[in-house]
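Participant: Here is how the chains run, residue by residue.
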Amino acid sequence: MRNPYVPANAILSRKHIENTAKDLQTFEFIFEDKKQAENFDFICGQFAMVSIDGVGEAPFGIASSPLEKDFIQFTVKRYSKGILTNALYSLSEGEKLGIRGPFGNGYPMKELEGKNILIVGGGFALTTLRSVVKFVLHQANRAKYGKLTMLAAAREPCEMLYREDMAEWSKRNDIEVVQAIDKPAEGWDGQVGFAAEVLEKMTPDAKNTYTLICGPQIMIKTCINVLGKLNFTPDKIINSLEMKMKCGIGKCGRCNIGNKYICKDGPVFTYEQLLKLGAEY
Amino acid sequence: MSTESEKWEPKILAFLCSWCSYAGADLAGVSRLQYPPNVRVVKVPCSGRINPVFIVKALQQGWDGVLVSGCHPGDCHYITGNYYARRRFAVLKNILEFIGIEQGRVQFSWVSAGEGEKFATVIKEVTESIRKLGPAQRLVKK
Amino acid sequence: MKILEKEKINSVLDFLAGQYDLVAPVSQDGLKFEYAQVKDSSKVNLDFTNSHESPKKLFFPQYEVLFRYYADGRKEVPALETDKKRVIFGMRPCDAKALLFLDKVFDDAKYQDPYYLTKRNNTVIFTLGCVSPQSTCFCTSFDIGPFAKDGSDVFVADFGDFYSFEAVTDKGEEILKKLSGLRDAAGEHISKYEKLSRESAAKIKRHIELQGLAEELINKQDAPMWEQIHLKCIRCGVCSFLCPTCHCFDMIDENQGPQQGARVRIWDSCMSCGFTQEASGHNPRPGGREKMRQRVMHKFSYIPQNFDTFGCVGCGRCIKNCPVRNDITKTIKKLRESESREKR
Amino acid sequence: MVDLEKQLRAQAKKLLEDKAVDCVIGYENSDDPLMTTPCFITAPNEVDRLVLNCLCGNNLTKYLIGRKEKTAVVAKAWDVRSVAVLVKENQVKRENVIIIGVPSLRIVDQKKIIAHLNGKEVISVILKENAIEVQGDVFSEDLLIDDYLQAGCELRDDIDDSMFDIVIGEMPASKQNIDDDDLIKQLEAMSSEQRWEFFKKEFSKCIRCYACREACPLCYCKSCFVDQNFPAWFSKSTDLSDNMSFHIIRALHAAGRCTDCGACFRACPNDINLRVLNRKIAKDIKELFDSEPGLNPKEDLPLTSYKPDDPQDFIK
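Chains as they are written, first to last, in the working numbering: chain U, 1 to 281; chain L, 1 to 142; chain D, 1 to 344; chain W, 1 to 316.
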């Protein structure tokens with residue numbers, strides 16, 4: 001009987017600071033032994049529990065693409081009260097820690113094949129969406145998917161994530177990248193305005209299009225109204241939730257919304273499913 | 001005294017207030033006064049800083065004795081720190097002894113910065129009284 | 001069905017204590033009973049209503065080491081197997097049914113919990129039918145009863161001068177063969193057994209109507225009644241600690257020495273303050289209202305939707321031990337009668 | 001006792017009708033014949049649910065913490081003192097609360113009754129002048145209230161009058177307490193080894209459900225020392241050393257604040273005698289500093305004040 005509570009040993013191979021405020025960093029891990037790396041095959045949108053001995057565990061969405069076999073990346077925001085995020089930030093490259101997973105249902109990549117994909121990411125909630133973009137843009141997969149549009153919104157330029165990736169994607173012609181910040185800032189040439197306003201200006205076409213949306217509560221609500229007006233149906237709006245988790249396998253009873261456990265039945269739900277679950281999150 | 005207990009040396013934790021008792025300990029050292037080496041010192045800003053949790057945690061971790069030493073009432077750098085501490089210690093000492101911790105496991109003293117000799121004699125007295133009590137068993141987490 | 005003269009029960013218990021790790025009801029003060037390991041039948045006391053704490057702690061203990069970690073990153077899971085099989089004698093039918101529900105939680109298709117399941121597979125359960133249910137019992141609402149056999153390997157009933165033994169599972173069959181002194185029951189024993197079973201079921205007056213409850217609660221999620229229900233609750237969590245079906249737990253690391261320690265699993269409760277408190281400061285269930293709603297909805301709506309059984313077995317421990325005498329059966333009645341939404 | 005109930009209902013009705021308060025927190029009957037349950041009355045026509053008798057054990061003042069609306073609360077002598085401490089510690093605004101004091105009401109100890117009946121189940125109870133008749137399916141017995149009083153039912157004549165907005169029944173003529181300090185005196189007479197054995201037996205029953213903390217009106221910390229993980233002061237396990245440490249610190253945190261209302265004792269599912277530690281500390285504080293908490297909301301609490309000549313003979 002496999003023990004789902006014991007993490008696999010991993011090593012922190014690279015730390016990359018994402019924003020000047022230094023509370024957003026991408027962490028890259030490699031598994032200590034290859035066998036663990038093999039049977040850690042995940043799909044975009046899944047998460048893993050990052051475990052530090054003596055500190056504890058916390059769930060983070062996997063930011064790297066499933067096709068990048070030899071490492072896994074997480075982008076983590078440090079919270080003042082966050083015991084594990086603070087411990088993670090104080091780790092230096094080469095130190096040991098544990099990874100448990102992959103958990104959760106992930107995005108329905110099969111279902112998205114042949115469809116256009118509109119990605120709306122707010123603030124630092126771009127992690128699992130980056131995994132989707134990298135996966136779709138990979139030459140083995142690009143042909144399977146239709147038009148790919150990405151709207152990345154943030155409060156200020158310094159909060160914008162994955163600048164190198166964004167720059168690289170903007171150069172490509174098989175993806176339309178729109179970056180928006182709330183208020184005008186000097187030296188910023190992207191869009192200005194709240195995500196919902198920019199989305200309305202973009203007037204995405206609902207036909208044969210799925211929307212993957214992730215971000216703060218208020219952004220999701222306003223964007224979904226806009227999408228509703230552009231007659232996107234709730235079953236085609238997919239978003240990923242976040243709750244406090246401990247076991248990650250649907251047993252410890254804390255991450256439920258209604259009768260669904262975010263860790264096991266989620267974290268990815270269509271907006272249609274969320275409407276049935278009730279307003280607790 | 002069986003040989004086993006001769007080999008055993010009491011481990012004593014001392015919380016010394018940095019303004020007076022810690023300076024008193026320095027003075028004892030500077031004046032080359034001899035006193036038993038059983039004490040490990042934790043420097044605290046004031047005797048009023050001592051939270052009973054520290055002392056109960058220490059006893060639980062297996063320390064054989066705890067000494068808390070601060071400035072004489074009236075000398076406190078923070079004026080009222082040791083006054084509040086005095087009342088707290090009185091209640092703490094009584095409840096620990098009431099619950100069954102041997103008398104003398106936890107001791108208190110006022111040692112000012114100039115009392116090097118007093119510091120040395122206090123440490124001697126505390127060490128001897130705790131040596132008589134023997135190794136700590138009650139409350140120690142196995 | 002087999003029967004055994006009452007005075008021979010001690011020899012059976014002594015035999016079991018010799019062959020297996022025997023766990024049976026004991027009591028220090030004759031008021032509060034608990035299941036504890038016994039070396040022989042001397043301390044066993046079968047004259048009880050039900051144990052104070054539920055026997056779930058024999059399978060899902062309050063504090064359990066998941067693994068130890070060391071400075072070099074080594075992880076060491078404690079040995080789960082025990083050499084001797086375990087026998088629990090005298091568990092009540094409601095607690096046995098609760099274990100069937102816990103099996104569904106800890107042994108689902110994707111993730112099995114080795115700590116719970118190893119103990120579960122290593123245990124044979126002798127349940128003892130209830131002849132004097134308490135006023136707080138309401139097991140008959142959940143289509144079990146004082147003589148229900150769900151979840152037991154051997155069902156025992158007390159006839160006054162006889163005990164009846166009935167194997168329910170083949171694990172029970174196998175162990176029953178080893179017991180000496182059992183005779184086949186005659187017709188009059190079986191009729192007495194049925195009479196006893198009917199009588200004790202009739203003694204249970206407390207009842208809640210479960211028909212369609214799961215769905216009804218879904219559209220009563222923001223009924224105003226929740227406000228009144230949670231007000232007197234002091235959120236102490238005694239109900240979840242004593243409940244045989246509550247299984248929420250927390251996982252924390254405890255350092256025991258330099259760079260080594262253990263990741264442990266401890267009981268947690270949806271009623272405790274930090275249960276869903278997130279590092280960002282957000283708490284989806286901050287107040288008593290949301291916590292009480294989660295407790296009731298989880299047992300009477302979410303679990304029925306996921307496992308098509310109820311997260312309650314009617315043992316009444318939460319009613320009997322609540323410091324402010326909150327009564328789950330009254331809560332359900334009030335919710336049933338209440339309006340789902342404020343009248344616009 | 002019945003006319004006290006009538007007075008209470010009349011007062012509550014008036015308060016609600018005049019909109020002086022939004023809610024009256026009191027007691028109503030529950031399915032457990034030996035214990036009433038708290039209730040929150042918000043409409044004048046619901047006041048008849050209120051009851052007042054020797055089974056009204058819970059300390060209702062815990063519900064006042066964090067309550068914004070104007071509230072009336074039924075409070076026994078020691079519950080009133082809890083409010084005084086909460087007011088002094090700025091947890092409850094005095095002008096926000098109307099205290100309906102019942103200074104002469106004493107309550108019975110349900111656990112003593114259950115022990116006396118050797119666990120036989122009580123189906124119903126009839127309240128008499130100074131006794132209660134407990135009836136089971138095959139037995140019925142009259143129990144004198146005075147024989148089963150909950151320890152610590154201290155009636156005081158020196159609680160500051162400002163603490164009583166409404167008084168039901170009369171004020172006690174003099175200080176009458178059930179001197180259960182005899183248990184404390186017995187323990188003090190024992191050797192430290194014997195005391196350790198006594199408390200070892202008591203606290204090994206603890207399952208760390210923290211009902212004592214949640215029931216105590218003075219335990220309102222956002223994050224309790226025992227729930228913290230960084231630093232983890234004590235392990236979450238229920239072995240003796242951790243249980244003992246938790247209860248020592250819990251008692252010390254109530255030092256010079258506890259008014260011996262018995263809420264912790266009543267809430268404990270495993271019948272641990274939790275009052276002993278608190279009562280011992282209260283006795284020491286009375287002898288050492290001649291101060292008792294909760295008699296006057298303006299008076300400083302013993303451990304947050306000092307006198308230059310406090311005793312210090314135990315300090316070298």
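One or more hints might be untrue.
A short list of chain D residues far from chain W (calculated; beta carbon distances all over 10 angstroms) [to be verified]:
#1 LYS2
#2 SER135
#3 LYS177
Just the calculated beta-carbon pair ranges, DEER-fashion [claimed, not checked]:
#4 ALA140/U to PRO78/D: 36 to 46 angstroms
#5 ASN231/U to PHE225/W: 22 to 32 angstroms
#6 ARG49/L to ASP107/D: 50 to 60 angstroms
#7 GLN103/L to GLU46/W: 25 to 35 angstroms
#8 ASP48/W to LYS203/D: 49 to 59 angstroms
#9 ASN39/U to GLN256/D: 55 to 65 angstroms
#10 GLY187/U to ASN255/D: 28 to 38 angstroms
#11 GLY119/W to PRO224/D: 31 to 41 angstroms
Calculated cross-link-like contacts (lysine-lysine; reagent style BS3-like; alpha-carbon spacing at most 27 angstroms) [to be verified]:
#12 LYS141/L to LYS120/W
#13 LYS142/L to LYS120/W
#14 LYS35/U to LYS115/U
#15 LYS6/D to LYS120/W
#16 LYS57/L to LYS316/W
#17 LYS35/U to LYS110/D
#18 LYS120/W to LYS320/D
These are computed hints drawn from the structure, not numbers from a lab. Keep in mind the model is a prediction, meaning the values are calculated, not measured. Don't be surprised by glycine CBs; every beta carbon is placed ideally from N, CA and C.
Participant: With reference to the structure, classify each hint as holding or not holding.
Facilitator: The hints, checked one at a time:
1. LYS2: Since the minimum Cβ distance to chain W is about 31 angstroms, LYS2/D lies beyond 10 angstroms and the statement holds.
2. SER135: violated (6 angstroms)
3. LYS177: holds (37 angstroms)
4. ALA140/U to PRO78/D: 36 to 46 angstroms: Cβ of ALA140/U to Cβ of PRO78/D: about 45 angstroms, so the range 36 to 46 angstroms holds.
5. ASN231/U to PHE225/W: 22 to 32 angstroms: Because 56 angstroms falls outside the window, the suggested range is violated.
6. ARG49/L to ASP107/D: 50 to 60 angstroms: holds (51 angstroms)
7. GLN103/L to GLU46/W: 25 to 35 angstroms: Violated, at about 57 angstroms.
8. ASP48/W to LYS203/D: 49 to 59 angstroms: violated (32 angstroms)
9. ASN39/U to GLN256/D: 55 to 65 angstroms: violated (31 angstroms)
10. GLY187/U to ASN255/D: 28 to 38 angstroms: violated (48 angstroms)
11. GLY119/W to PRO224/D: 31 to 41 angstroms: Since the Cβ atoms of GLY119/W and PRO224/D sit about 40 angstroms apart, the hinted range of 31 to 41 angstroms holds.
12. LYS141/L to LYS120/W: Not OK: LYS141/L and LYS120/W at ~40 angstroms, beyond 27 angstroms, violated.
13. LYS142/L to LYS120/W: Distance of about 40 angstroms is beyond 27 angstroms: violated.
14. LYS35/U to LYS115/U: Violated, at roughly 35 angstroms.
15. LYS6/D to LYS120/W: holds (23 angstroms)
16. LYS57/L to LYS316/W: Holds. LYS57/L to LYS316/W sits at ~23 angstroms (cutoff 27 angstroms).
17. LYS35/U to LYS110/D: With a Cα-Cα distance of about 20 angstroms, the restraint between LYS35/U and LYS110/D holds, given a limit of 27 angstroms.
18. LYS120/W to LYS320/D: holds (14 angstroms)
Going through the hint list in order, the structure does not satisfy hints 2, 5, 7, 8, 9, 10, 12, 13 and 14.
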